[in-house]
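Undergrad: Sequences are here, hints too, so could you generate the full structure?
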Amino acid sequence: MIKRVKVGMASCGIAAGAGEVLELLKEITDEDKVVEVGCIGHCYAEPLVEIETDSGNYMYEKVQPEKEMLEQMLSLADSSRFQPNPKRIDKEELLITSLAGKIEPTSLEEYRANEGYEGLEKAKRMGKDKIIEEVKTSKLRGRGGGGFPTGIKWSFLASKDNENKVLICNADEGDPGAFMDRTLMESLPHQVLEGMLIGALATDAYKLFIYCRAEYPLAVRNLNIAIQQAVEVGLNIIGGKPVEIKVKEGAGAFVCGEETALIHSLEGKRGTPRYRPPYPTDHGFLGYPTAINNVETFANIPLIIREGGDSFEKTGTDNSKGTKLFALAGDLNYSGLVEVPMGITIGEVVYDIGGAEPGSVKAVQIGGPSGGCITAEYFDTPIDYDSLTSLGAMMGSGGLIVVGTNRCMVETARYFLEFTTRESCGKCTFCRIGTKRMVENLERITGGEGTPEDINVLKDLGKKIKQGSLCGLGQTAPNPVLSTLNYFYNEYLAHVEEGYCAAMECKALVDVFINKEECIECKQCIKNCPVDCISEGYVIDNNLCTRCNSCIEVCPKDAITRVAKGGVVRVENQT
Amino acid sequence: MSSVAQVEKSNLIKALQTRQQQDGYISDEAIENIAEEFNLPLVDVEGVVSFYTQFKRVAPGKYQIMVCDGTACHIIGSTLILNWLTDALGIMDGETDEDGLFSLECVACLGCCSLAPVISVNGKIYGKLDRKKLLKIINSFKKKEAAGA
Amino acid sequence: MSKIKLNIDGKEIVAPQGQTILQVAGDNGIEIPTMCQDDRISRTTSCFICVVKDTKSGQWLPACSAQAQDGMEIETKTPEVNDMRKTVLELLLSEHTGDCEAPCTISCPAHARVEEYVRAGRDGELLKALKIAKERIPLPMSIGRVCPRFCEKDCRRNVLDNAGVAINDFKRLSADLYYEDYMENRKDLTGEKVAIIGSGPGGLAAAYFLRLEGVSSTIFEKMPEPGGMLRYGIPEYRLPKNILDKELAHFEKMGGIEIVCNKELGGELDLNQLKKEYDAVIIAVGSWQSSGMRTEGEELAAGGINWLEDLARNGWQGEDPGETIVVGGGNTAMDCVRSALRLTKKPVHCMYRRTEKEMPAEQIEIDEAREEGANFNFLTQPIKLRREDDKLVLECLRMELGEPDASGRRRPVPVEGSEFEVKADTVIAAIGQSTLAPEGINTNKWGDVEVGEKDCRVTENIFAAGDCVSGPATVVEAVAGGRRAAIGILAYLKGEECLFPYKINVSRGHWQSLSSEDLTFLFEPGEKGRVKQRLIDLDERVNTFNEVSYTFTEDEIAEEGKRCIECSCTAKKDCNLKDCSESYHADPEKFLGEKGHAGYNSQHPHIIMDNGKCIKCGVCVKICSEVVNEYLLGFKNRGFETKVETAFDRPLPEYCTECGKCVEACPVGALDWKKKED
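Protein chains in written order, with this note's numbering: chain A, 1 to 575; chain B, 1 to 149; chain C, 1 to 678.
Just so you know, the hints here were simulated from the structure itself, not pulled from any lab data.
Idealized CB from N, CA, C, for every residue including glycine.
There may be inaccurate statements among the hints.
[To be verified] Chain B is nowhere near these chain C residues, computed Cβ spacing over 10 angstroms in every case:
1. 20
2. 279
3. 439
4. 443
5. 450
6. 505
7. 528
8. 530
9. 634
10. 645
11. 647
12. 673
[What the hints assert, rightly or not] In silico DMTMM-like links for lysine to aspartate or glutamate, alpha-carbon gap of 25 angstroms or less:
13. A/3 x A/68
14. A/26 x A/71
15. A/507 x B/87
16. C/590 x A/505
17. B/128 x A/66
18. A/128 x A/282
19. A/507 x B/105
20. B/128 x A/505
21. B/142 x A/532
22. A/466 x C/587
23. A/102 x A/71
24. B/14 x A/267
25. A/523 x B/130
26. A/459 x C/54
27. C/128 x C/641
28. A/557 x B/130
29. A/269 x B/99
30. C/590 x C/518
31. C/153 x C/460
32. A/463 x C/73
33. A/463 x C/582
34. A/463 x C/556
35. A/507 x A/453
36. C/86 x A/68
37. C/532 x C/368
38. B/133 x A/453
39. B/9 x C/299
40. C/573 x C/245
TA: Here you go:
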């Protein structure tokens, strides 16, 4: 007997077509039983549908909006059953995302039915000092990247004698390829909210903001619903006074993840950071004492209060407690969101959870565009704040990009730096001009026009930008370049000295070549070439070719490949 | 300093977002209206608009195409996607074509990394693209317009 | 208030709490440079030139904003800190678009303040124009006539109508009008005395600049009259000798400069003797040795410069040379051709082994020679000269251009079997000249006198200047060299090292790489083309040695002055970025890349906003909003695209003229008064 049909309707699911699946399901089965849930983190398998029955739950992956398939599924057929990678199940530890994808995000009842808001209730009984003690005991560190102990930050705010204190949830997740916060807000808005309310209770802050990227409409919607629901039942009444909670949408500026920039943006200004001190806990939103925590940090709080800081402290390493969410992407089999205990090794995440083939991975980029890369030889490094920093990377908010052996590290570094350059607010000289000059420098190198001096300039300027910038963006922007220079110096050198890109990625350093022995003369490449540079004799004029890969994509025989500039021509001449 | 005025001022971005939702972009007139409404200097409002990438100062095309250049998409070839679109539409990143039909924009991340490479057209996501699939999508819009005209 | 203890540059300091590092350092006499800091406004913390290092924490701190804290150990002057600041400046310079100095001034070998004297001339202030020109050019009458006008070749006006401003004519007119009336301020004579050997432009300039500083000199000249190349090398029709006499009379009037003629080194003059008798000696003997054709029979040809010298000694009256062949393509060759044309009705030929394009002579000389009837035989190389009866027979080869040689010009190579012969009455070899250095003086591989790069010193108290150092060059280059030697001597006399301060010049680039969109116009540039130089009748030209060109009229100069677009920076005298860059030896070319937002707004009658120069410090924005309460300026865009502008890029209101606080506060020339000070 089917109790409920749960369709994963977080952004990734919707993008994969879950909306159509949901519509059709509502048509062919009991509409009331079809519910929208959040994300279980297995993005590669979306759209995902879970069927709750008396005899247990059944999950189906890659569900298509086709009547036949849906009907089969509703009859609990064996095909398309979702079989998560068993290694992943083994390595993951779902503490804060245990409800994600399992419950209806915008159902207060369902959240409450799963211990929701018990933490808040307990906190109310504990009182502010004990809450802060508990959070300190848990040794929870900020999940936004900085890793500042949350309990200490709260104690700063709590100690301020001001009736207009402000608590902000930083949900301006701007790293390309990171979606931890989005998943939490879309799938577990009440959990985030509960964490914030406990924070408000601990610090006497009666004004709460969630500063969320405008690009996350579903998160904004779910949060707003959750807030309304919480307010309706008076969950926001603390000490007899209502706490005001508002979702504020950002407008597209990565730098607003930096706390002083975020505050400026909340105030309706340009999101430029300012020099600290004064810190926001002294002088924040409109001058009032303000504390800012990341979404994931808040999502940890209900658990800590409910289970106790001691219990929380048991997971993780000496300096990094609890679990961490990572958004896995790049060259691996199972992309998606994972929650792992601190201290797990990079290798376990990449190979066991991500399913990447050993030997096919060159490095991971941890910490988003401002993080650094870590090469495969260091994959036995445990994931914790300090180990990552010591390798020149950082925890960041949790983006983890797997870079395959077939990628060019210079180009990868250029890509990340170009992102931060675009996102620089333009205030500090080093960041505003320095990052631009570094990108131009990298463009010269990937364009085959670099010199050894360019490499020296990258090192020197990179170091100075880190030292001479006001905020985290500038202080970390050169990391991808500096860390790849450190670990992949030879790739830089090969570009500069030999004009050679081993990954065949840098356009200026490759030609496109048709292997006549494989070619079946089907004309596909000729038809698809946007610049008509392939002759009737199936020879590519590499002077005209824009390296757009159209021919490579359409070739049914994979007879067309990128080769090192002049490479194959040389071989031909010799034979 | 009146904190009431400042609190109001903090709604500036929201007001601009609302206006953009109505008009599709932020016109000079919108800046003038909002500056007046918030009692802010024109140049400050213009400064805020130009700081955030969400705000568009020119009217977008009927079909707003966003090319995701998030990490996952980039690694898998969003640069090629953008090149193919540029060729097919004759417009560059950040431009709208002369007929006001298509506008093209490269964005940081559309958040559908597992579907890379992706684009969105008027908010609808198209994933796992190759050149053929992409051109088919664009041609379907072109055909639709040609039939309508 | 409680006190804190910290250490800055090794100095233990007690300071009140709550002050910035900048304040504490300043109160204790430690200077930290700033650009974006202004006491009237809240902090901007943007430029980072004030960065210092706290060695205690290892952190780099912006001194303008970071509070001094107990126990800090601050370094403000170490090589590491200086290097950090240098990089800040190099980054700012890498996007800085403008011209610290106008290209005319840069390209003038003497670096005369060209834009300033052109502006004075335009405004009818010709005495002022003369004064400015004479700061660097003590021979404005001569140079106003014979200069090859390096300045005009680089003049940005070329961008608009392919013709530079007729700059040299400003000198010529202002000198013609006021030269004899104007006497510059000279310091009292110190009693120091310098012997100068050679009264050409190099020696005269050295004497002039020494005299301004109170050092007297005796100029020894081997010829009967002073002037060197000006008198014996440049023909009368280009530089009338009565003009030269006027100009030279001034040197004696200055008091302390004595010119003694008919004294030659190695003759009555002994270098060792002079060394002892005078505080210093300058060798300025020029470059007078004609190079031969290096062919059989070359002795039958006259040397170009020697031929001119003979003519000069004869008062520019010579025998009819008959049909004449001048071999060579330089200015001396043109002087010979044109002088010969004035002496004979027979044909005069110029023979040159490359083509007209490669000729080193000034185009105007070639054009005027052609007007006067010269024949040009290009791609022709003499190989043998012989006398046959009363004629000279020159055997020649035809040439063609091959690969470029070291000079970048295509090398002429002989065409096989192309030998031919021509006959003439006179053959003049104006191939080139070389220096005949005094005995015992070190020379370089070209045979020119070897001098110290900065101080122009040969050895001990002997210095050198002019063509004998540079090889045959122009009058203005000799004058510049004379000034450098004077500076070298002045330093030597004071017992100091001769140091030239590090200077930077940010440039938009050469005009050939620019279009009018790349330039900033303070005012609408005048539309008229270059005023045409008027010449005497052709008939008079070919029959007399009268001066060929007329001096511009005052009206013509006023008209021509409107063509100047005043490209130098309005803030060139008070630019914080330039000052800092020079004191930290920042290189404007260190980081090459996109310059970013240029664009400017000059619609306001008195104020120009030039984005290309802005360092985005935001001081103007805060001055306008926090001090003046006007809110007219603001930041737009972000990152590298950030710029400061008005709402909708509208012009600043006219009432801004009354305030001008932003203009005064701008550390560079991004917001500035349009009117320049001289």
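Undergrad: Please go over all the hints and tell whether each is borne out by the structure.
TA: Hint by hint, here is what the structure shows:
1. Non-interface status of residue 20 of chain C relative to chain B is upheld: no Cβ of that chain comes within 10 angstroms, the nearest being about 23 angstroms off.
2. Consistency note on residue 279 of chain C: stated as away from chain B, and its beta-carbon is indeed over 10 angstroms from all of that chain's, at 64 angstroms minimum.
3. Taking the minimum C-beta to C-beta distance to chain B, about 72 angstroms, the non-interface status of residue 439 of chain C holds against the 10 angstroms cut.
4. The non-interface label for residue 443 of chain C is consistent with chain B: the shortest C-beta to C-beta separation is roughly 61 angstroms, beyond 10 angstroms.
5. Separation of residue 450 of chain C from chain B is adequate, the least Cβ-Cβ distance of about 58 angstroms exceeding the 10 angstroms criterion.
6. The claim that residue 505 of chain C lies off the interface holds: its Cβ sits roughly 33 angstroms from the closest Cβ of chain B, which is beyond the 10 angstroms cut-off.
7. Look at residue 528 of chain C: its CB is around 38 angstroms from the nearest CB on chain B, clear of 10 angstroms, so calling it non-interface holds up.
8. Every Cβ of chain B is farther than 10 angstroms from the Cβ of residue 530 of chain C; the closest lies at roughly 41 angstroms, confirming the non-interface assignment.
9. Distance check for residue 634 of chain C against chain B: the nearest CB is about 4 angstroms away, which does not clear 10 angstroms, and the non-interface claim fails.
10. Not every C-beta of chain B lies more than 10 angstroms from that of residue 645 of chain C, the closest at about 7 angstroms, which undercuts listing it as non-interface.
11. A beta-carbon of chain B is positioned within 10 angstroms of the beta-carbon of residue 647 of chain C; the least distance is around 4 angstroms.
12. Distance to chain B confirms residue 673 of chain C as a non-interface residue, since its nearest Cβ pair spans about 22 angstroms, more than 10 angstroms.
13. Under the criterion of a C-alpha separation no larger than 25 angstroms, the hint pairing residue 3 of chain A with residue 68 of chain A is consistent with the structure, at around 21 angstroms.
14. The suggested pairing of residue 26 of chain A with residue 71 of chain A holds, with an alpha-carbon distance near 12 angstroms, which does not exceed 25 angstroms.
15. A distance of roughly 17 angstroms separates the Cα atoms of residue 507 of chain A and residue 87 of chain B; the hinted pair therefore holds under the 25 angstroms criterion.
16. A C-alpha spacing of about 29 angstroms is found between residue 590 of chain C and residue 505 of chain A, which places the hinted pair above 25 angstroms, so the restraint is violated.
17. Taking the CA atoms of residue 128 of chain B and residue 66 of chain A, the gap is near 19 angstroms; set against the 25 angstroms cutoff, the hint holds.
18. Using a Cα cut-off of 25 angstroms, the hinted pair residue 128 of chain A and residue 282 of chain A holds, with the two alpha carbons roughly 19 angstroms apart.
19. Proposed proximity of residue 507 of chain A and residue 105 of chain B is supported: the alpha carbons are some 22 angstroms apart, at most 25 angstroms.
20. In summary, the hint linking residue 128 of chain B to residue 505 of chain A is supported, as the alpha carbons are separated by about 20 angstroms, within the 25 angstroms threshold.
21. For the proposed pair residue 142 of chain B and residue 532 of chain A, the alpha carbon gap of about 23 angstroms is at most 25 angstroms, so the pair holds.
22. Restraint check for residue 466 of chain A and residue 587 of chain C: satisfied, since their Cα atoms lie roughly 22 angstroms apart, inside the 25 angstroms limit.
23. Restraint check for residue 102 of chain A and residue 71 of chain A: satisfied, since their Cα atoms lie roughly 22 angstroms apart, inside the 25 angstroms limit.
24. At roughly 11 angstroms between alpha-carbon atoms, residue 14 of chain B and residue 267 of chain A fall within 25 angstroms of each other, so this suggested pair holds.
25. The hinted pair formed by residue 523 of chain A and residue 130 of chain B meets the criterion: a straight-line CA distance of about 18 angstroms does not exceed 25 angstroms.
26. For the proposed pair residue 459 of chain A and residue 54 of chain C, the alpha carbon gap of about 22 angstroms is at most 25 angstroms, so the pair holds.
27. Under the criterion of a C-alpha separation no larger than 25 angstroms, the hint pairing residue 128 of chain C with residue 641 of chain C is inconsistent with the structure, at around 43 angstroms.
28. The suggested pairing of residue 557 of chain A with residue 130 of chain B holds, with an alpha-carbon distance near 16 angstroms, which does not exceed 25 angstroms.
29. The suggested pairing of residue 269 of chain A with residue 99 of chain B is violated, with an alpha-carbon distance near 35 angstroms, which exceeds 25 angstroms.
30. A C-alpha spacing of about 21 angstroms is found between residue 590 of chain C and residue 518 of chain C, which places the hinted pair at or below 25 angstroms, so the restraint holds.
31. Taking the CA atoms of residue 153 of chain C and residue 460 of chain C, the gap is about 39 angstroms. The hint is violated against a cut of 25 angstroms.
32. Note on residue 463 of chain A and residue 73 of chain C: the hinted pairing holds, with a Cα-Cα distance of about 21 angstroms set against a maximum of 25 angstroms.
33. This hinted pair checks out: residue 463 of chain A and residue 582 of chain C have alpha carbons roughly 24 angstroms apart, not beyond 25 angstroms.
34. For the hint pairing residue 463 of chain A with residue 556 of chain C, the CA-to-CA distance comes to about 58 angstroms; that exceeds 25 angstroms, so the pair is violated.
35. Between residue 507 of chain A and residue 453 of chain A the CA atoms are separated by roughly 22 angstroms; this keeps the pair inside 25 angstroms, and the hint holds.
36. About 71 angstroms separates the Cα atoms of residue 86 of chain C and residue 68 of chain A, which puts this hinted pair outside 25 angstroms; it is violated.
37. A hinted pair counts as satisfied when its Cα atoms are at most 25 angstroms apart, and residue 532 of chain C with residue 368 of chain C qualifies at roughly 14 angstroms.
38. For the hint linking residue 133 of chain B to residue 453 of chain A, the alpha-carbon distance of about 43 angstroms lies beyond 25 angstroms, and the restraint is violated.
39. Taken as a hint, the residue 9 of chain B and residue 299 of chain C pair is broken in the structure, with Cα atoms around 93 angstroms apart against an allowance of 25 angstroms.
40. Under the criterion of a C-alpha separation no larger than 25 angstroms, the hint pairing residue 573 of chain C with residue 245 of chain C is inconsistent with the structure, at around 37 angstroms.
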